[in-house]
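There are 4 protein chains.
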Amino acid sequence: MKRIAVLTTGGDAPGMNPAIRAVVRYGIANKLEVIGVFRGWSGLINEEIKVLDHRSVSGIISQGGTILKTSRCVEFRSKEAQERAYNTVKKFAVDGLVIIGGNGSFTAGHEFGKKYNVPCMGIAASIDNDINGLDYTIGSDTAINTALNAIDNIRDTATSLERIFVVEVMGRDCGFIALAVALAGGCEDVFIPERPVDLESACHDIVHGNLIGKVSWIIVVAEGAGKAEDFAKKINGITGLETRAVTLGHIQRGGRPTAFSRDLALRLGKEAVDALLEGDRDKAVGLSKGRVVRIGFETAIKKKEFDLEGIYKLIKTLT
Amino acid sequence: MKRIAVLTTGGDAPGMNPAIRAVVRYGIANKLEVIGVFRGWSGLINEEIKVLDHRSVSGIISQGGTILKTSRCVEFRSKEAQERAYNTVKKFAVDGLVIIGGNGSFTAGHEFGKKYNVPCMGIAASIDNDINGLDYTIGSDTAINTALNAIDNIRDTATSLERIFVVEVMGRDCGFIALAVALAGGCEDVFIPERPVDLESACHDIVHGNLIGKVSWIIVVAEGAGKAEDFAKKINGITGLETRAVTLGHIQRGGRPTAFSRDLALRLGKEAVDALLEGDRDKAVGLSKGRVVRIGFETAIKKKEFDLEGIYKLIKTLT
Amino acid sequence: MKRIAVLTTGGDAPGMNPAIRAVVRYGIANKLEVIGVFRGWSGLINEEIKVLDHRSVSGIISQGGTILKTSRCVEFRSKEAQERAYNTVKKFAVDGLVIIGGNGSFTAGHEFGKKYNVPCMGIAASIDNDINGLDYTIGSDTAINTALNAIDNIRDTATSLERIFVVEVMGRDCGFIALAVALAGGCEDVFIPERPVDLESACHDIVHGNLIGKVSWIIVVAEGAGKAEDFAKKINGITGLETRAVTLGHIQRGGRPTAFSRDLALRLGKEAVDALLEGDRDKAVGLSKGRVVRIGFETAIKKKEFDLEGIYKLIKTLT
Amino acid sequence: MKRIAVLTTGGDAPGMNPAIRAVVRYGIANKLEVIGVFRGWSGLINEEIKVLDHRSVSGIISQGGTILKTSRCVEFRSKEAQERAYNTVKKFAVDGLVIIGGNGSFTAGHEFGKKYNVPCMGIAASIDNDINGLDYTIGSDTAINTALNAIDNIRDTATSLERIFVVEVMGRDCGFIALAVALAGGCEDVFIPERPVDLESACHDIVHGNLIGKVSWIIVVAEGAGKAEDFAKKINGITGLETRAVTLGHIQRGGRPTAFSRDLALRLGKEAVDALLEGDRDKAVGLSKGRVVRIGFETAIKKKEFDLEGIYKLIKTLT
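Those sequence lines, one after another, are chains A, B, C and D.
With numbering that gives the first Met the number 0 as the guide, the letters of the first sequence map in order to residues 0 to 318.
With numbering that gives the first Met the number 0 as the guide, the letters of the second sequence map in order to residues 0 to 318.
With numbering that gives the first Met the number 0 as the guide, the letters of the third sequence map in order to residues 0 to 318.
With numbering that gives the first Met the number 0 as the guide, the letters of the fourth sequence map in order to residues 0 to 318.
Mixed in with the good hints, there may be bad ones.
[As the list claims (entries may be wrong)] A few chain B residues that don't get close to chain A, going by computed Cβ distances all over 12 Å:
id : residue
1  : 82
2  : 86
3  : 118
4  : 166
[Unchecked claim] So the derived list for chain D, only partly shown, Cβ under 10 Å to chain B, looks like this:
id : residue
5  : 203
6  : 207
7  : 210
8  : 289
Simulated from the structure, these hints should not be mistaken for lab results.
Even glycine gets a Cβ: it sits at the ideal position worked out from N, Cα and C.
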């Protein structure tokens, strides 16, 4: 293994830059040449690449986003595009690929790696924290804190104006962010895609709360469970109480990565390079039970399982 | 003047709490008894009041929202409600009212004060910064920084994914926040209610930018100028480029007040009490040209005038 | 078990308040009466206690410090003081104690619990993250992020003025914070108490860096490894280069707890109450390998062991 | 005027980067060529310069520090160095200099400009806010908020452990930051160089506070008034109460500039270029009474006068 390439694909996540930094510098320290591919798979298809040296990743450790840019490359599903990508791999004698991204990226990496016999290692980076077999992905801690700051702000108004707020957070089909934020924010309820939403019961709680003097209320909604606007209208319809919707949206993707997101990114960057050096492939590196692990791409891209019932009950018990 | 009452009305703004702290402690230091009225005018109507002592405002200086709660009290427009409010004033021998709020609050204060001969002083607190004759109101600096943090986060994604974002900020009919945020955020364009929106021209700039390699773009929209969602759809329709909308919403109302919002709040709290002690009334205190001033309620509630053309041009020149 | 008491002792840590919230509300939900003890052991000695109901912990989830106050109670080492504390336990029919704190607190809890047969459960809360057998304590994530923000700020000046900075972080005898911050901050070196400090070699690196154009440098020092001021003077003496010292100090103890610190605090609060209800005692609850665990006080208070060599090497490799 | 040069000198301040951005882009928009000089005067002496185009200032608006680097250049006081600097000016046909910095920078600019007949305009950038005739300089708002965050954190511990803290903030001979922070932080006292420090009286207040139950106390010290460590020792000696010192230090220089610091920087950048284009020289641009103004270098470098007595009294009244 003499030369590896690194790319970021799919939605950006805070911590991708420190991960790039680690792949580049740890790779160089281990006598590898490291090539950066721009705009994810698209850059591999179109030969948008550049050799990265030690200095090229200076100062990026504290920055959100990704200096390599990223894209959701639909084109890569076609055989022709994959051929072109493989040609780039051959032309530049790339011995291994480090793919920084989430489920979609790993699915593509799994297929591409198998089809063309290219060693691919994934680094789990996704604010959604929806990679099966992993406790944390790069960026989720930052996104959760960003959403929590927003919730704390909204709490000020909810308390001052005595209102009901429905706050939609990111997470795709996964309720992880929503649960973490609802727990940390002391929120009164949370709707996630993994559990049926019982709106009647939620509204009953609100009305009952009102009767005993609990007049402000924040409900967190995972985007996979529905739209904040829709829920707000329904709650208003059922309870007659003024209800406001806030959709946090893309503010959750960016921003300075937290210490946790950075430290994880740096450790995973090292692990991915180590894996390639050891001849490992077709796996994603991530954090499980407090340790850095490698899990097969095929496992990683399955529907994530995690203990949500315990957290959900705790949220409801503590409000 | 022996006893004054303080209330917060309308939308909450970060810095209302330090303003309350100043009114209470500065009042007490000047031998006044200070009564807190809860839920704005509603509390005056319903006798929801409490004597506030030195300790009752401990630790609130750093907190968003208002410990006195607030409300948008439609009921207060009726004569009957006003009579009841006045009865509370008489019953508790309140010699002066300090009204912490914005335009709506001052309009009500102006009418109520005149009709019932109650000395009323306003403290300009509104994230919208839409009080005529004043450069800054309590809370606007905090709201602008909250919105700016959000924009900085969105910039990470806009740059990484090379996308167009339309970001809606608060400000009611006033483009002040939007201009301040767009300038500080290095945003490519800004739509405000005070200027006609030229969407064709904006889209022309975007397409031209794309041709010369400027592929990410953030447009700030003041809520008074339209909906981010609508603009995003139209821009996508005209340019064919993927365009995302983010509505920052209520996160802009809350949060720890900035130093500027706190210092202003504390100075204005003092000024309002001083004014009442000097026999002044029917005025709002605020900041103009770097100094604390008093302006008549009638002037304050007019449509705000400020130099927006200079800032707008600077934004366009610097992108 | 009908009535439990909760106290916070030793240095305060961000997340103590959410832990109190969880103990109180989860306890009440499980039919317990919960008593708050003020100022740690001191409050138990002097009967400074108060019944805590559901509302008494409203709004504290986002606040640093501890509403129960805390103290480093030297007096508690005397037999007489312990007797008085036990009298309070008996007098108010306290069936179990929840002790929120660190090593010192657990040592005291272990002794007191054994001597007087009082069921005691500890909740690991300490910014130092120095509890043996646990991966994270409440507050360490917040402290690390606070220190990291400071380092990011200092980096701006280090880069702009091309200077060497020695930054001292907290952590008592434990280098955990220092390592986490140095890694996440992209710092050039780190001195911790668990490894001998090789100042000659560090200075050699600095001078060598200078020769190849790396002119700014941040060295993190754990307080247990020495004083930033002393190191700065020595480095200046050896290298002749201008070197500045910054001691972050108590800013690392306070502030809004991060999502991680809050979620951990809430889960540990539940676990401590569960343990007492199940008849468990003489243990601390904390996080190990991603899961909430109970470990004996005797194990917890031993010198913490953790993999520092791997992190240290990674830091040095990536700079 | 065809070509101007821009440099940053003295201590870095958050907002220098947006100021550079404005000078470059506004200059280019006005048909000027803009040259960046590195490391302040040092770069002018040693010909460390580079043409700056539109793209060269992309993405710096949100970054602390200065991409042009800065230095405190003692060498520039010598005639020989000034001659070399002037040779650079001539060699590259620089028609005007924009000097971003504080008092020292303006003193040097005044001398250099006069001696060699080089049009120089200053942009007031200094966290110390110590420029005479100006209400705010670039960076002071950011520094004040950074210090305030630190104070808020320390307040958590001060309240929880019931301790006295002496917190030293920056500001050189000027008490502006200290006053602003002490007011916004609700601090109990503040020592500034412009007023004699009455330690006996301060200690009397502390002891009296203790007797009536006010057991936590934060005193802000401007660096020009003395060392936090020294004051802490003296207060402990007089009162016998445990007193801790925290020196905030260089964390106050860096960090993302606030909206206020950025907007001011951008407006001042424009003004400085406008001034040169209009043939103006030997002046600094800054904010006075809410407006952008130009003041002669000779006035700017005098000892700053501002109303400190009013703020000081307000701080003492409100605690």
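Check your understanding: Against which earlier hints does the structure fall short, listed by number upward?
Key -> 4, 5, 6, 7
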